[in-house]
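Protein chains in written order, with my numbering: chain C, 40 to 400; chain W, 40 to 400.
Possibly wrong hints are sitting among the right ones.
It does not matter which identical chain is meant; a pair holds if it fits inside one copy or across any two.
Using 20 Å as the maximum straight-line C-alpha spacing, the simulated EDC-like pairs for lysine to aspartate or glutamate come out as follows [what the hints assert, rightly or not]:
1. K149 <-> E257
2. K109 <-> D397
3. K153 <-> E391
4. K85 <-> E355
5. K152 <-> E257
6. K250 <-> E297
7. K153 <-> E257
8. K149 <-> D272
9. K398 <-> E317
10. K153 <-> D320
Think of the hints as simulated: they come from the structure by calculation, not from any bench.
Just so we're clear, the structure is a prediction, and the values are computed from it rather than from any experiment.
Number of protein chains: 2
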Amino acid sequence: MSDNRIFNFSAGPSMLPLSVLQRAGAEITNFGGSGMSVMEMSHRSKVFQKIFDDTQEKFRRLMGVPEGYKVLFLQTGASGQFSMIPLNLMSRTGKADYAITGNFSNLAAKEAKKYGTVNIAADTSDCNHTRIPTQAELKLDADASYFYYCANNTIYGTEWQYVPETGNVPLVCDMSSDIMSRPVDVSKYGIIYAGAQKNMAPAGLTVVIIKEELAGSELPYTPLMMNYKTMIDKDSMYNTPPCWCIYMLGLMLDWVDEQGGVAGIEKIKAAKAAMLYETLDNSRLFTCPAQIGSRSDMNVAFRADSEDLNAKFIAEASAAGFANLKGHRNVGGMRASIYNAMPTEGVEKLCEFIKAFDKNN
Amino acid sequence: MSDNRIFNFSAGPSMLPLSVLQRAGAEITNFGGSGMSVMEMSHRSKVFQKIFDDTQEKFRRLMGVPEGYKVLFLQTGASGQFSMIPLNLMSRTGKADYAITGNFSNLAAKEAKKYGTVNIAADTSDCNHTRIPTQAELKLDADASYFYYCANNTIYGTEWQYVPETGNVPLVCDMSSDIMSRPVDVSKYGIIYAGAQKNMAPAGLTVVIIKEELAGSELPYTPLMMNYKTMIDKDSMYNTPPCWCIYMLGLMLDWVDEQGGVAGIEKIKAAKAAMLYETLDNSRLFTCPAQIGSRSDMNVAFRADSEDLNAKFIAEASAAGFANLKGHRNVGGMRASIYNAMPTEGVEKLCEFIKAFDKNN
Numbered sequence: 040m041s042d043n044r045i046f047n048f049s050a051g052p053s054m055l056p057l058s059v060l061q062r063a064g065a066e067i068t069n070f071g072g073s074g075m076s077v078m079e080m081s082h083r084s085k086v087f088q089k090i091f092d093d094t095q096e097k098f099r100r101l102m103g104v105p106e107g108y109k110v111l112f113l114q115t116g117a118s119g120q121f122s123m124i125p126l127n128l129m130s131r132t133g134k135a136d137y138a139i140t141g142n143f144s145n146l147a148a149k150e151a152k153k154y155g156t157v158n159i160a161a162d163t164s165d166c167n168h169t170r171i172p173t174q175a176e177l178k179l180d181a182d183a184s185y186f187y188y189c190a191n192n193t194i195y196g197t198e199w200q201y202v203p204e205t206g207n208v209p210l211v212c213d214m215s216s217d218i219m220s221r222p223v224d225v226s227k228y229g230i231i232y233a234g235a236q237k238n239m240a241p242a243g244l245t246v247v248i249i250k251e252e253l254a255g256s257e258l259p260y261t262p263l264m265m266n267y268k269t270m271i272d273k274d275s276m277y278n279t280p281p282c283w284c285i286y287m288l289g290l291m292l293d294w295v296d297e298q299g300g301v302a303g304i305e306k307i308k309a310a311k312a313a314m315l316y317e318t319l320d321n322s323r324l325f326t327c328p329a330q331i332g333s334r335s336d337m338n339v340a341f342r343a344d345s346e347d348l349n350a351k352f353i354a355e356a357s358a359a360g361f362a363n364l365k366g367h368r369n370v371g372g373m374r375a376s377i378y379n380a381m382p383t384e385g386v387e388k389l390c391e392f393i394k395a396f397d398k399n400n
Numbered sequence: 040m041s042d043n044r045i046f047n048f049s050a051g052p053s054m055l056p057l058s059v060l061q062r063a064g065a066e067i068t069n070f071g072g073s074g075m076s077v078m079e080m081s082h083r084s085k086v087f088q089k090i091f092d093d094t095q096e097k098f099r100r101l102m103g104v105p106e107g108y109k110v111l112f113l114q115t116g117a118s119g120q121f122s123m124i125p126l127n128l129m130s131r132t133g134k135a136d137y138a139i140t141g142n143f144s145n146l147a148a149k150e151a152k153k154y155g156t157v158n159i160a161a162d163t164s165d166c167n168h169t170r171i172p173t174q175a176e177l178k179l180d181a182d183a184s185y186f187y188y189c190a191n192n193t194i195y196g197t198e199w200q201y202v203p204e205t206g207n208v209p210l211v212c213d214m215s216s217d218i219m220s221r222p223v224d225v226s227k228y229g230i231i232y233a234g235a236q237k238n239m240a241p242a243g244l245t246v247v248i249i250k251e252e253l254a255g256s257e258l259p260y261t262p263l264m265m266n267y268k269t270m271i272d273k274d275s276m277y278n279t280p281p282c283w284c285i286y287m288l289g290l291m292l293d294w295v296d297e298q299g300g301v302a303g304i305e306k307i308k309a310a311k312a313a314m315l316y317e318t319l320d321n322s323r324l325f326t327c328p329a330q331i332g333s334r335s336d337m338n339v340a341f342r343a344d345s346e347d348l349n350a351k352f353i354a355e356a357s358a359a360g361f362a363n364l365k366g367h368r369n370v371g372g373m374r375a376s377i378y379n380a381m382p383t384e385g386v387e388k389l390c391e392f393i394k395a396f397d398k399n400n
């Protein structure tokens with residue numbers, strides 16, 4: 040990589056394309072002849088409104104967001120949505136279905152219990168979340184306010200390879216760690232949301248795609264900033280939005296366009312993930328805890344049998360310019376997060392490093 | 040100004056020092072030899088933790104935050120605090136005092152009514168908020184959970200020139216538009232908070248200074264991300280914080296240091312405001328709606344008698360490089376927001392422009 044940059048395998052925040060950062064840097068004191076940085080602009084000004092509108096348009100186009108859905112630019116990450124979803128949707132029937140496939144869906148279910156009855160539709164904690172439940176395993180309540188799941192489990196390295204069928208129950212999905220890595224049929228969902236800091240933009244922005252008809256049933260004590268209806272009515276500008284992150288998202292979306300859109304990204308990411316899993320499967324030392332058929336293309340968890348070897352691998356990889364490969368404490372071992380902006384070159388070089396380590400240890 | 044930049048009198052987001060923007064631009068692809076942008080760093084990494092800790096230390100030092108208080112880096116702006124404050128403090132006695140001196144304190148009081156009984160301790164809407172109430176006018180309830188006020192009213196151009204005396208009732212203050220423009224005795228307050236986008240950093244960061252003993256009495260339905268106790272216990276990192284905005288705040292605090300700290304800033308801002316008010320008071324055409332003794336040093340509202348002249352002034356000023364001088368629709372006329380980062384040169388040139396306009400019209 041140029042500019043003395045490293046390959047950063049962090050689970051998030053994570054890499055951004057160098058070209059995007061360079062573009063942001065080039066206009067940081069004067070955006071488009073406005074005489075201002077985007078960081079200095081009134082959110083009510085024409086120049087910022089155009090950035091906002093263009094970013095909305097690009098996101099809708101690239102994600103194929105249909106009519107009847109609104110795209111919101113919010114804050115406070117997935118954890119904010121853990122509350123906002125039940126605050127706004129739980130009153131439909133007073134209960135909701137949650138599939139527990141990792142840490143974040145578990146936290147979401149725990150938070151939802153403050154606001155109604157939570158039915159655990161699936162729970163893979165008995166196998167330390169090494170697999171995704173099948174459709175047949177889901178214990179669905181036809182009267183649930185919504186069905187909640189997390190598409191990709193960052194910590195455990197698993198990813199749903201199908202969209203759950205829930206009949207008339209609206210699907211709510213946390214796509215924080217795999218949004219824009221594969222085409223999604225938005226019309227199947229009630230709400231899709233993602234903290235932006237893994238695949239889309241710097242931390243501080245949460246993108247929500249919501250079927251508009253689902254808004255307007257919030258519980259009476261719903262905080263102002265957690266009311267989807269208000270955010271829809273005010274087009275995410277009830278108050279000052281995170282302007283810089285929205286601008287950065289716009290630059291990222293231009294980059295996604297350059298990669299051939301989400302379909303183009305999918306091809307690249309599938310090749311990157313296949314290369315890494317193949318390298319690991321062919322190694323003597325390493326195994327992947329995630330079961331085949333449930334493996335994530337975004338977060339590749341792997342480990343050697345011995346803790347000494349894991350520690351040695353992480354230390355040597357770090358010294359060689361592969362940063363943040365240590366696995367989460369719930370799983371141990373290593374984790375390579377290879378989000379959209381991780382260059383193919385980074386995965387190739389990591390594979391070479393793994394092969395050499397495998398040979399020499 | 041160099042670099043074809045303009046003087047931006049926006050009420051917020053607003054100007055940042057050029058040197059701060061240039062420094063951010065210089066390290067946007069590689070911060071301090073880390074090989075990463077701050078926008079790409081794991082918030083759990085050592086390199087980001089150091090940015091976070093340094094920013095905390097600088098803020099505490101510059102604001103004189105005493106022991107027993109925590110500084111939180113949150114999101115969702117003042118409107119988020121409108122809910123968070125009653126959600127966490129209202130259970131003390133079930134009621135709270137609010138002083139209504141403008142749009143934002145009014146919205147705060149309205150939101151608080153969701154969570155308890157609101158006593159209107161003062162309300163200056165009868166004079167369209169052209170003045171700040173005196174201490175003697177405040178209708179205080181000795182049993183209130185807290186007393187809430189907004190230190191500076193951006194729309195109306197008024198500013199509290201004293202700290203209300205409320206006995207044992209904790210003071211809660213929105214300082215979004217005048218924080219760091221004057222020294223504050225933090226020990227007099229229970230909570231001080233500020234959206235960062237006027238005087239401190241880009242939009243997307245809300246800084247809260249909270250007396251720690253006030254946390255822990257949240258209502259049972261308080262959302263995860265709106266629980267002060269959780270944010271204190273997790274040092275603002277329950278989940279990913281707005282890392283870039285925190286970094287930018289750190290750069291801004293270095294700049295405040297270069298100006299002689301908050302005391303140094305106060306001298307500069309008092310001189311800027313005095314120059315502008317004197318020019319307006321000595322003009323034939325312009326008057327200031329804010330009453331003397333209640334005038335804001337941050338947002339200077341003024342107007343001519345005729346709407347045609349106001350429109351002409353705004354158009355000609357804009358063409359001359361003075362941006363965003365149109366007043367809020369609640370007040371009309373003009374408003375010059377001269378926050379900390381507005382250079383003295385910008386105010387001097389605006390004064391020259393006002394004098395010439397006054398002579399020629």
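### Query
Going through the earlier hints one by one, which of them does the structure break, listed in rising order?
2, 3, 6 and 10
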